[in-house]
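Keeping their order, the protein sequence lines are chains E and F. Letter by letter, the first sequence follows residues 610 to 1141 in my numbering. Letter by letter, the second sequence follows residues 30 to 362 in my numbering.
Note that these hints are calculated values from the structure, not bench results. In this text, all values refer to a predicted model and were calculated from it rather than measured experimentally. There's no promise every hint is true.
Lysine-lysine pairs mimicking DSS-like chemistry, simulated, CA-CA at most 25 Å apart [unchecked claim]: (1) E/1068 <-> E/1108; (2) E/1033 <-> F/349; (3) F/255 <-> E/1068; (4) E/1057 <-> E/1068.
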Amino acid sequence: MRQFSQLLDGLVYTRSRNGKLDLIADYMRTALDPDRGWTLAALTGNLDLKAVKASAIGDMIRERVDPVLFEMSRDYVGDLAETVALLWPKHEDQPAEIDDGSLTVGAVVERLSSVSRAGAPAALAAMMDHLDASGRFALLKLATGGLRVGISARLAKTGLAQAFGLDIDEVEEVWHALTPPYAALFGWAEGRGDRPDPAGTPFFRPFMLAHPLEDGTVDLADYAAEWKWDGIRVQIVGTGQETRLYSRAGDDITGSFPEIAEAFSGHAVLDGELLVKGEVQGAEQHGGSAASFNALQQRLGRKTVSAKMLGDYPAFVRLYDLLLDGEEDLRALGWTERRARLEAFMTSLDPARFDISAIIDAPDFEALGDIRAGAREAAIEGVMLKRRDSPYVAGRRTGLWYKWKRDPLTADCVMMYAQRGHGKRSSFYSDYTFGCWNAEGELLPVGKAYSGFTDEELKWLDRFVRTNTIKTFGPVREVEKTLVLEVAFDSIHQSKRHKSGLAMRFPRISRIRRDKPAAEADVIETLERMIS
Amino acid sequence: MPPATHWIEPHPSGIYVRPADAWIDPSLPRERALVTHGHADHARGGHGHVWATRETLGIMALRYGTAEGTPMAYGESMRLGGVDISYIPAGHVLGSAQIMLEHAGERVVVTGDYKRRPDPTCRPFEVTPCDIFVTEATFGLPVFRHPDTGSEIDRLLGALHANPDRCVLVGAYALGKAQRIICELRDRGHHDPVYIHGALERMCALYTDFGVEMGELRPATGIDAKDMRGAIVISPPSALNDRWSRRLPDPITAMASGWMRVRQRARQKNVELPLIISDHADWDELTDTIAEVAPSETWVTHGRDDALVHWCTMRQMRAKALALVGREDEDEG
């Protein structure tokens, strides 16, 4: 357990993505079987030990520790598992605060999967006696599920791929052919066995991505134009028996959008944009009826979805592409042919849950620019340009697909608060909250940004914060309301979360307006008029 | 009959010893001050006359300029207004002492801050039986159980050796913790130069003057970043995530403190490598010490007094919380 608990501690304290990957890779290379397989299952959310409930942990500790001291400790520490891990009293004959090495992850999983719910507290307690505080914490987290170490399943798989020099997309391909503790996977990774065969399993295929269209133009004879919808990019993978939904990062999000998987029973792989239904202007014109990203946010990051959520924020997928039709791989075909196949495929789908992303009909690039400029609908982020003969290839390939985002909106705001950044930026005040004036002449926060500036500008902003601080609240500094920041953002929405009633999408600092007096910054009313 | 309460009085600003007309660790300037150790929450400037160990007087002179002081050797006794006063090692930092007071057939021991585990920079705590035991309780919750120091130092060295292109920056309180970390590293076989923040230089020099050997120390200022790759750098906790640390080669941020036992505390401070090394007694040390000293009454000066008083009460031992002000500097833990 020691190696496992050290890994969890490392993942908790390490801020950088590369640092986390190194930790995972190192563990996967050096840990033994089947421990590393069970660890991989835990990290990817594929380990479910149902016998242990949180209440069992509370009962277990109350039998052993003075209840007043336990409550005081819990108040101080916060997390139940951590409190119990820290104050666990070992028996006299057990080595104090030392992991005696007698327990392996494999043994823990085996013991906890065979124990009854009633027997779980005693089984857990017996194991606690052999571990140090980190080990006890790791054990309790493993037993109750949800390691909460701030990494996604995709990151865990990327770490595994890094450990053995595999391609992450290859790992994703075989993933659904595997079950914990993944002996076949490690055998293949270490060259001891064959590649696991994913045929018949709903596995993720890497997305094709687009480059931004900077200042150039394209010829619409070669490129087709469609709207770039502001939802989340998803891949629907159906085998006929089973359907899964993957996010752009390759995480399985089927559970967050059960209505989509239920509505799809086909045998195909599709690329599209997940959106929430809404009433918007111009719906017919753009093939719309999608609500803003704000509405979609209500549905993101949920493990279980209530009936109310499903009713209030119904999801649907606007399809962009067809990668596989049955067993037939269409990815090598040109976009025009795939588009025709997609249009034909649409007829088999439930129109309540699936529609097709419309092609924008424009005579030339200039006319397309006008159409793009005129589209202010909330769910539109800009225009996509796809080469008509482009195959579907993983990642960004120059010249094939472009995204041509709408010009950002901008507002002049006043810096109000600043906070330190993370990692390399931890010594800089790099996160800024800014506000605009209301009718009563008060500044109300309208957003927060931590990007858009150069390193030189960051140094300047950091110095400004330090020399203009008027109050500190823990890590946050309140500054003199004198500095105007021009903030760029993709769109702005109503929000109950902020006192100003506004929330910006993708706000970033576009310019530091040292020349502008704070009193001349924008008013809230101006921002309200930008709501799309 | 409540013992001793007629001649020793707890006040928010310190403990007053009436017959001697003297204060222990007063937080306000007093004519006569008995000081347990040099940390700022116990040793203040501006007193008329100070009684403390030679080392503590040296530390106070460094911090506040010269003050009238009488050095007290460990075990030596003096009489002040009918009270016999002596200084006993507390094991907290260089020069730290418990103060033992005897008067009218009663004995009171005031621990100041203390710990029970070995520290290469100071004399170990001595258990002294007494009637009233006045103890600290900085880590007075059963979740605080400090692990073996050697294993924490090994984790520090492990991180150092695994990252030859980076340095490990250890946040450690300038008086006591910093010097102890350096000595513990030496004891563990690490003899490379250790780089220190400017704020540590004078205190380290004072430790050296008192005979604490720390090997080669180099100032971390004015050095090319790449020369500090693979090295340990020690700074006060306040400099960890501040502008000062930008000069270092991609530092791994470590912090040596008893508070590091709680994950959230380490995360709040952006610490990547929390080292649970404390100069205070942990819960087991606090409770074991009370059991060994076996006083008829325990007074708790500062920290988690509620939990420690509860522990005493559950064992039929008399205890009360004094709630002294201005104690418990968290960086110091």
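Would you check the hint for residue 1033 of chain E and residue 349 of chain F, treating anything up to 25 Å between C-alpha atoms as holding?
-> Distance of about 47 Å is beyond 25 Å: violated.
Do the alpha carbons of residue 1057 of chain E and residue 1068 of chain E lie within 25 Å of each other, as the hint requires?
-> Cα-Cα ~18 Å, so holds.
Is it true that the CA of residue 255 of chain F sits at most 25 Å from the CA of residue 1068 of chain E?
-> Given pair residue 255 of chain F, residue 1068 of chain E holds - Cα atoms ~22 Å apart, limit 25 Å.
Straight-line Cα separation of residue 1068 of chain E and residue 1108 of chain E no greater than 25 Å?
-> violated (30 Å)
In this structure, the earlier hints numbered 1 and 2 are contradicted, and the remaining ones agree with it.
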